[in-house]
Amino acid sequence: MNNIVIPSCINTIFSSFLRLTCVLAMTCLAVGTRAQDALDIAVIGSGERLFPIIVPVFQDEGNLPHSISEVVRADLERSGLFKLIDIGPMTLPESKVPDLAAMAARGADAALSATVVASSSGRHEIRFRLFDTTRTDSKPELGGMILRMSPEQYRITGHRIADFIYEKLTGIPGYFATRIAYVVKNSQRYELHIADSDGMNTQPALRSHESIISPSWSPDGQQLAYVSFETQKPVIYVHTLATGQRRILANFKGSNSAPAWAPDGKRLAVVLTKDGLSQIYLINADGSGARRLMTSSGIDTEPAWSPDGRFIYFTSDRSGSPQIYRLDVAGGGVERITFDGSYNVTPRPSADGKKLALMTQTGGGYRIAVLDLSSRQIVILTNSSRDESPSFAPNSNMILYATVNGNKGTLAAVSADGLIKQQLSIQAADVREPAWGPFQK
Amino acid sequence: MKNLLFPSLLALALAACQTDTQGTSAKIDDESMQQPQQTRVTAVDATKRGDASDLPDWARDSSRNSVFFDYDSYVIRSDARPVIEAHANLLARQPDRKVTIQGNADERGSREYNLALGQKRAEAVRRAMKLQGANDMQIEAVSLGKEHPRCAASTESCYAQNRRGDFVYFR
Numbered sequence: 043m044n045n046i047v048i049p050s051c052i053n054t055i056f057s058s059f060l061r062l063t064c065v066l067a068m069t070c071l072a073v074g075t076r077a078q079d080a081l082d083i084a085v086i087g088s089g090e091r092l093f094p095i096i097v098p099v100f101q102d103e104g105n106l107p108h109s110i111s112e113v114v115r116a117d118l119e120r121s122g123l124f125k126l127i128d129i130g131p132m133t134l135p136e137s138k139v140p141d142l143a144a145m146a147a148r149g150a151d152a153a154l155s156a157t158v159v160a161s162s163s164g165r166h167e168i169r170f171r172l173f174d175t176t177r178t179d180s181k182p183e184l185g186g187m188i189l190r191m192s193p194e195q196y197r198i199t200g201h202r203i204a205d206f207i208y209e210k211l212t213g214i215p216g217y218f219a220t221r222i223a224y225v226v227k228n229s230q231r232y233e234l235h236i237a238d239s240d241g242m243n244t245q246p247a248l249r250s251h252e253s254i255i256s257p258s259w260s261p262d263g264q265q266l267a268y269v270s271f272e273t274q275k276p277v278i279y280v281h282t283l284a285t286g287q288r289r290i291l292a293n294f295k296g297s298n299s300a301p302a303w304a305p306d307g308k309r310l311a312v313v314l315t316k317d318g319l320s321q322i323y324l325i326n327a328d329g330s331g332a333r334r335l336m337t338s339s340g341i342d343t344e345p346a347w348s349p350d351g352r353f354i355y356f357t358s359d360r361s362g363s364p365q366i367y368r369l370d371v372a373g374g375g376v377e378r379i380t381f382d383g384s385y386n387v388t389p390r391p392s393a394d395g396k397k398l399a400l401m402t403q404t405g406g407g408y409r410i411a412v413l414d415l416s417s418r419q420i421v422i423l424t425n426s427s428r429d430e431s432p433s434f435a436p437n438s439n440m441i442l443y444a445t446v447n448g449n450k451g452t453l454a455a456v457s458a459d460g461l462i463k464q465q466l467s468i469q470a471a472d473v474r475e476p477a478w479g480p481f482q483k
Numbered sequence: 008m009k010n011l012l013f014p015s016l017l018a019l020a021l022a023a024c025q026t027d028t029q030g031t032s033a034k035i036d037d038e039s040m041q042q043p044q045q046t047r048v049t050a051v052d053a054t055k056r057g058d059a060s061d062l063p064d065w066a067r068d069s070s071r072n073s074v075f076f077d078y079d080s081y082v083i084r085s086d087a088r089p090v091i092e093a094h095a096n097l098l099a100r101q102p103d104r105k106v107t108i109q110g111n112a113d114e115r116g117s118r119e120y121n122l123a124l125g126q127k128r129a130e131a132v133r134r135a136m137k138l139q140g141a142n143d144m145q146i147e148a149v150s151l152g153k154e155h156p157r158c159a160a161s162t163e164s165c166y167a168q169n170r171r172g173d174f175v176y177f178r
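Here the protein sequences come in this chain order: A and B. Numbering of the first sequence is given in the numbering used here, commencing with residue 43 and proceeding in unit increments. Numbering of the second sequence is given in the numbering used here, commencing with residue 8 and proceeding in unit increments.
This is chain A alone, in the form it adopts within the complex (with noise of 0.2 Å):
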């Protein structure tokens, strides 16, 4: 019975438990330290029962120029999911077990085993076990893993640990080795930034006197799709993030705007004005056959694929107010998605294929919503008054998306079912338009 791996019971019994016990705290975790002009996260809700593991110092750890274990701590405790047990300077070294009975006594109910050792070349091999406190049998070991690294890619070798400890002890895909782009505003100066999903490496893709909206990832991670006004209209770019080479993708007469990669990463959908008002076209990632998919009489925008690439969802008013549709790419047919209130915008689709975030206005103001796509149920996930531009992590857990905080934008995120709620900020900048990459390969 114990051979049969079932994710998806996990999954379940792991979030279930969630939806019986959790609450909303509202406790402030400030997290780790962090370099100047990187994003600030700060957990600002979380369940209330927090998993308790051990991630020690790792043995040899010290011949780093870097901690990876604070990388793995500071990504756990942000998850919003873990309680993270301090046992100070103490190792707990990959080559045998650890007194389990011990780490269960100072309350741990997992404890990582881990030890860097030197290889060849200045390279540096990071072995580690995750175990299981509470079994008192001969198979307490969880699962373990051998990571290569050069000592600068302790940040992303860190992501991966917490990521393995992350799908081990919840049964979903970790989402801390992914990037998100977003844009800053300072003054008149705009500029597209790379991060991973912890705020940290941040660095600059593009700057430009002009806004930059909508930037949207590739199935690969490699390349981003963006609207850039730096000739006073908008024009759509492809731009190669690791050569900086970019692209026209679109540049037709009028406005051309929202681009939405297909799952097969060989077209995008966009938005064009060359006949008229804004309607949706596919094009080849090469920019060459662009071809209207619909005509509609009003506005139709905000594309985004179905993970499947059967779908596109998107905005459009021909009923009047702006709501959510989709297409059925294959065999042209169009079902509204979104009744309830008069404004429902920018759908986003779980990589799941399963919820779609989106904006809708509320009596208070703009919020963050989820619907669950086979009950067609709404849940407003935000309280603010101008939340916009939700994504999903690639896990389909969480979703990214900005919001306004005194006169300035910054990002936060919340997870699909509200319970964790994190506050993502940049000292002394307007921060836009986030949107989270995939898992990478």
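Rather than coming from a laboratory, the hints here were simulated on the basis of the structure. The structure displayed is predicted, hence computed values, not measured ones. Check each hint, because a few of them may be wrong.
Lysine-lysine pairs mimicking PhoX-like chemistry, simulated, CA-CA at most 20 Å apart [to be verified]:
id, chain 1, residue 1, chain 2, residue 2
1, B, LYS137, A, LYS295
2, A, LYS316, B, LYS105
3, A, LYS295, B, LYS105
4, A, LYS316, A, LYS295
5, A, LYS210, A, LYS181
6, A, LYS138, A, LYS181
7, A, LYS316, B, LYS137
With the hints as your guide, set chain B onto chain A.
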């Protein structure tokens, strides 16, 4: 009660995950994860396009190169008609001149939907200019959505200034 329930649920969950690794050597679950990627991003500088202007004085006057719209409306107001007519006449007199009509929206709502609303305003101006006899080849209607607010406060009087179409000339 809840706290008593948790360890048993957890044990079940962990039991279900338990089979990945056995024995004493750490297993490498995924070959591709052996060498975490170092990601590199190269920055690009984008600069403004210069706009040429040898326009008549009136067309440089800020009160004559914008038209305003009512809330949630894309209908040309009567106070906008003389402005549109003047620009249409200018294009008729100078067939090699081109104008871009930049539509704008107030800050409320999503950026892309506002871009579409700004486009609707720019389109309304373009059609009105055509009716005044301007050649469509000389006109481009584009939208800046809510990206170029003339007024930054979240008040109705500010919103009214941001619901507008601007005439911008390029050579």
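Consistency of the hints with the structure:
For a cut-off of 20 Å, the pair hint linking LYS137/B to LYS295/A stands: about 16 Å separates their Cα positions. A C-alpha spacing of about 17 Å is found between LYS316/A and LYS105/B, which places the hinted pair at or below 20 Å, so the restraint holds. For the suggested pair LYS295/A and LYS105/B, the alpha carbons sit about 13 Å apart, so the restraint of at most 20 Å is met. Distance restraint check for LYS316/A and LYS295/A: the Cα-Cα separation of roughly 5 Å lies within the 20 Å cut-off, and the hinted pair is therefore satisfied.
Taking the CA atoms of LYS210/A and LYS181/A, the gap is about 15 Å. The hint holds against a cut of 20 Å. Among the hinted pairs, LYS138/A with LYS181/A is consistent with the structure: their alpha-carbon atoms are about 13 Å apart, no more than 20 Å. Distance hint between LYS316/A and LYS137/B is fulfilled; the C-alpha atoms sit about 16 Å from each other, no more than 20 Å.
In summary, this structure violates none of the numbered hints.
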